[in-house]
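Enquirer: These are the residues of each chain, in order.
Protein chains: 2
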Amino acid sequence: MTSTDKKVGNLPEGKHEPLTRETAAAGVESVLKMLEGRWKLVILFHLFGGQVMRFSELERAIPGISQKMLIQQLRQMEDDGIVRRIVYPQVPPKVEYLLTEWGQSLCPVLDALLNWAAARPEQEQGETSGDQLGA
Amino acid sequence: MTSTDKKVGNLPEGKHEPLTRETAAAGVESVLKMLEGRWKLVILFHLFGGQVMRFSELERAIPGISQKMLIQQLRQMEDDGIVRRIVYPQVPPKVEYLLTEWGQSLCPVLDALLNWAAARPEQEQGETSGDQLGA
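These protein sequence lines are chains Y and E, in that order.
For the first sequence, full-length UniProt numbering gives the first residue as 1, with consecutive numbering after it.
For the second sequence, full-length UniProt numbering gives the first residue as 1, with consecutive numbering after it.
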């Protein structure tokens, strides 16, 4: 038994509203949808740690992305409340991107996901015969 | 400042291998892909907490799912090492499903995701003028 076994119950017990199995699943699904797409995660990992980046810096930092796609992804992340856009009123305009406090707080959660993935056993036995359990 | 601010750095620091921004993003993406699809999450939330369920019980518990889809989802989760299938050698055969220890340990991680989603501020200001920052 690991320490996690003690913490897990039938359903997660957290700061959120009481959940049924269905609303919990739907809640996780909506978070997954929000993060879907390779670029959003790459953008997130570039901005974690309080990084502030201009559009052109992000463009250079993510070689595979098109300008149009970067604009689209940043706009969606802004609308979702993950990214904040700062426009400096100067000519030519200077625009910077950073994470909101809420966006920044996703970092330890994604870290937990990575730790979970890294803890995957080498060879997990998919099928067990009832015989082996003494049935 | 919240307590999470202290924990977050440029990149997650966990038990996993040292990561670049790109490998971290790809790692999270592969976990998201593994959980993609509404049914897998619903199945997970039905099996969290050490639940052991027969195929017919899962079928009844998830009204919207077809038999074919349930078989497919369970098979994929078995292949991923999340679900364990126990076959009892009797006539008619009895087949039970439960989570592996690794699958079970996903519960607190999904809980953290739900807590993160629940902590979303009511109205997050997407765009900030540089003026407001004294620029």
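Worth double-checking, as some hints may not be accurate.
As the list claims (entries may be wrong) - Result set (DSS-like, lysine-lysine): computed pairs, CA atoms no more than 30 Å apart in a straight line:
id: 1; chain 1: E; residue 1: 68; chain 2: E; residue 2: 94
id: 2; chain 1: Y; residue 1: 68; chain 2: Y; residue 2: 33
id: 3; chain 1: Y; residue 1: 94; chain 2: Y; residue 2: 68
id: 4; chain 1: E; residue 1: 33; chain 2: Y; residue 2: 68
id: 5; chain 1: E; residue 1: 94; chain 2: Y; residue 2: 33
id: 6; chain 1: Y; residue 1: 33; chain 2: E; residue 2: 68
id: 7; chain 1: E; residue 1: 33; chain 2: E; residue 2: 68
As the list claims (entries may be wrong) - Cβ pair distances, simulated, as ranges:
id: 8; chain 1: E; residue 1: 93; chain 2: Y; residue 2: 63; range: 24 to 32 Å
id: 9; chain 1: Y; residue 1: 101; chain 2: E; residue 2: 23; range: 21 to 29 Å
id: 10; chain 1: Y; residue 1: 76; chain 2: E; residue 2: 76; range: 25 to 33 Å
id: 11; chain 1: E; residue 1: 93; chain 2: Y; residue 2: 23; range: 32 to 40 Å
id: 12; chain 1: Y; residue 1: 101; chain 2: E; residue 2: 68; range: 41 to 49 Å
id: 13; chain 1: E; residue 1: 60; chain 2: Y; residue 2: 49; range: 44 to 52 Å
No wet-lab data here; the hints were simulated from the structure.
From the three backbone atoms N, C-alpha and C, an ideal C-beta is built for every residue, glycine too.
Enquirer: Give a verdict on every hint.
Expert: Against the structure, the hints:
no.: 1; hint: 68/E - 94/E; result: holds (18 Å)
no.: 2; hint: 68/Y - 33/Y; result: holds (20 Å)
no.: 3; hint: 94/Y - 68/Y; result: holds (18 Å)
no.: 4; hint: 33/E - 68/Y; result: holds (25 Å)
no.: 5; hint: 94/E - 33/Y; result: violated (36 Å)
no.: 6; hint: 33/Y - 68/E; result: holds (25 Å)
no.: 7; hint: 33/E - 68/E; result: holds (20 Å)
no.: 8; hint: 93/E - 63/Y: 24 to 32 Å; result: violated (53 Å)
no.: 9; hint: 101/Y - 23/E: 21 to 29 Å; result: holds (26 Å)
no.: 10; hint: 76/Y - 76/E: 25 to 33 Å; result: holds (28 Å)
no.: 11; hint: 93/E - 23/Y: 32 to 40 Å; result: holds (34 Å)
no.: 12; hint: 101/Y - 68/E: 41 to 49 Å; result: holds (45 Å)
no.: 13; hint: 60/E - 49/Y: 44 to 52 Å; result: holds (47 Å)
Hint compliance for this structure: hints 5 and 8 are not met, and every other hint is.
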